[in-house]
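Undergrad: This is what each chain is made of:
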Amino acid sequence: MENRVKTCREGVGWSQGELARRLGVSRQTINAVETDKYDPSLPLALRMAKLFAVPVDQLFIDHWNAEDSE
Amino acid sequence: MNTTVEGDKLRTMLWRMLGGAVVGAAGTGLFIAFVGEPHMDLDDPGTLLAIVSGLSYVLIGLIVGVGLASPKAGAKFLNVEDAEEIREEGPKLWMSAICCILIGGFLLTLAMAGGLIGNQGALIIAAACLVGMLVIGAMSAKRYDELTRQLSLEASAWSFYAMLIFAGGWAALAHLGYVAWISPLAFASALPLLLLVSIFVIAGKRGLLMR
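Chains as they are written, first to last, in numbering that gives the first Met the number 0: chain H, 0 to 69; chain F, 0 to 210.
Note that these hints are calculated values from the structure, not bench results.
Fair warning: this is a prediction, and the values are worked out from it, not measured in the lab.
A few of these clues could be false.
Now the in silico label distances, taken between C-beta atoms and shown as ranges [as the list claims (entries may be wrong)]: (1) VAL178(F) / GLU1(H): 23 to 33 Å; (2) ARG21(H) / LEU122(F): 42 to 52 Å; (3) VAL11(H) / VAL65(F): 48 to 58 Å; (4) PHE186(F) / ASN64(H): 23 to 33 Å; (5) MET0(H) / LYS75(F): 28 to 38 Å; (6) LYS8(F) / ASP56(H): 47 to 57 Å; (7) LEU163(F) / VAL11(H): 23 to 33 Å.
In silico DSS-like cross-links for lysine-lysine, where the CA-CA straight-line distance does not exceed 30 Å [stated by the list, open to error]: (8) LYS5(H) / LYS8(F); (9) LYS8(F) / LYS204(F); (10) LYS71(F) / LYS91(F); (11) LYS141(F) / LYS75(F); (12) LYS8(F) / LYS91(F); (13) LYS36(H) / LYS8(F); (14) LYS5(H) / LYS91(F); (15) LYS36(H) / LYS141(F); (16) LYS5(H) / LYS36(H); (17) LYS71(F) / LYS8(F); (18) LYS91(F) / LYS49(H); (19) LYS75(F) / LYS36(H); (20) LYS49(H) / LYS71(F); (21) LYS141(F) / LYS204(F); (22) LYS5(H) / LYS141(F); (23) LYS5(H) / LYS75(F); (24) LYS71(F) / LYS5(H); (25) LYS36(H) / LYS204(F); (26) LYS75(F) / LYS204(F); (27) LYS91(F) / LYS36(H); (28) LYS141(F) / LYS49(H); (29) LYS49(H) / LYS36(H); (30) LYS75(F) / LYS49(H).
By construction, the Cβ of each residue, glycine as well, lies at the ideal position given by its N, Cα and C atoms.
I would like the entire structure built from these sequences, with the hints used as guidance.
TA: Listed below in structure tokens is the structure:
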């Protein structure tokens, strides 16, 4: 899933380590999320959105379209 | 990400894998040369599997331990961004390293049982390794973050299904009299080896072997 975690993190001037520390996860997890190698759990996604003060759907972009699935 | 950066990462990963293979081969060679026959039955495939599996774990544990003892050097051969990350992950990595050494110790003790170590001594050492592994493994699992937990779950599932197919298939053939059943030592050694392979496959599939 496409995400804007790196953009938001760099926007507030934090390193991956700093963000990891604030979220209570490893730096590897942040790196994996930013490089689209891992989709975070819902609680972690919500915490990230809260931390950057943006809605979740602006942080994680899902291109799925309800009309297309019908 | 540009091609040069990707290429550098791929090169680093390949060098690390090559380094691991060389250390593994050298370790196995030295172990067989110094501890091998007549202390172990090297004609038994189960013993050989226990040596390969056990040494893989011991060497991984030692390599991680060396990286932890010297984070600056460790950053060059462990899958981390820099020395600081090793320090951040220190407690978790120490537990993983000890766990790996205990798993390896368990298998190598079984491989040496009846030769270099008496069966009773082997039982005591193997049981101590197993208990230590369970205690430290449980402590380590509490420190897992969600990515590690996810990888661990996926690797466990993969190794379970692989075991179901290989051991189940082999058992079926053995039951029907087409093959001989594998030794208990081969079975005990194959389980952690499959888990190890599964972890690398899962991490590789996600592209996590390249940082």
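Undergrad: Does each hint hold? Answer for all of them.
TA: A quick look at each hint next to the structure:
1. VAL178(F) / GLU1(H): 23 to 33 Å: For VAL178(F) and GLU1(H) the Cβ distance comes to about 50 Å; the hint is violated.
2. ARG21(H) / LEU122(F): 42 to 52 Å: 48 Å, holds
3. VAL11(H) / VAL65(F): 48 to 58 Å: 36 Å, violated
4. PHE186(F) / ASN64(H): 23 to 33 Å: 50 Å, violated
5. MET0(H) / LYS75(F): 28 to 38 Å: 33 Å Cβ-Cβ, so the 28 to 38 Å window holds.
6. LYS8(F) / ASP56(H): 47 to 57 Å: 31 Å, violated
7. LEU163(F) / VAL11(H): 23 to 33 Å: The hint (23 to 33 Å, Cβ to Cβ) is violated, given that LEU163(F) and VAL11(H) are roughly 47 Å apart.
8. LYS5(H) / LYS8(F): Holds, because 19 Å separates the two Cα atoms, which is no more than 30 Å.
9. LYS8(F) / LYS204(F): 15 Å, holds
10. LYS71(F) / LYS91(F): 18 Å, holds
11. LYS141(F) / LYS75(F): The given pair, whose Cα atoms are some 28 Å apart, holds under the 30 Å limit.
12. LYS8(F) / LYS91(F): Satisfied, since the Cα-Cα distance of roughly 25 Å is no more than 30 Å.
13. LYS36(H) / LYS8(F): 15 Å, holds
14. LYS5(H) / LYS91(F): 25 Å, holds
15. LYS36(H) / LYS141(F): 23 Å, holds
16. LYS5(H) / LYS36(H): With a Cα-Cα distance of about 13 Å, the restraint between LYS5(H) and LYS36(H) holds, given a limit of 30 Å.
17. LYS71(F) / LYS8(F): 18 Å, holds
18. LYS91(F) / LYS49(H): 27 Å, holds
19. LYS75(F) / LYS36(H): 22 Å, holds
20. LYS49(H) / LYS71(F): Violated: LYS49(H) and LYS71(F) sit about 35 Å apart, past 30 Å.
21. LYS141(F) / LYS204(F): Within the cut-off at roughly 25 Å; holds.
22. LYS5(H) / LYS141(F): Since the Cα atoms of LYS5(H) and LYS141(F) sit roughly 28 Å apart, the hinted pair holds (cutoff 30 Å).
23. LYS5(H) / LYS75(F): Cα-Cα ~25 Å, so holds.
24. LYS71(F) / LYS5(H): 26 Å, holds
25. LYS36(H) / LYS204(F): 9 Å, holds
26. LYS75(F) / LYS204(F): 22 Å, holds
27. LYS91(F) / LYS36(H): 22 Å, holds
28. LYS141(F) / LYS49(H): Between LYS141(F) and LYS49(H) the Cα gap is close to 25 Å, so the pair holds against 30 Å.
29. LYS49(H) / LYS36(H): 22 Å, holds
30. LYS75(F) / LYS49(H): 35 Å, violated
Comparing the model with each earlier hint shows violations of hints 1, 3, 4, 6, 7, 20 and 30; every other hint is respected.
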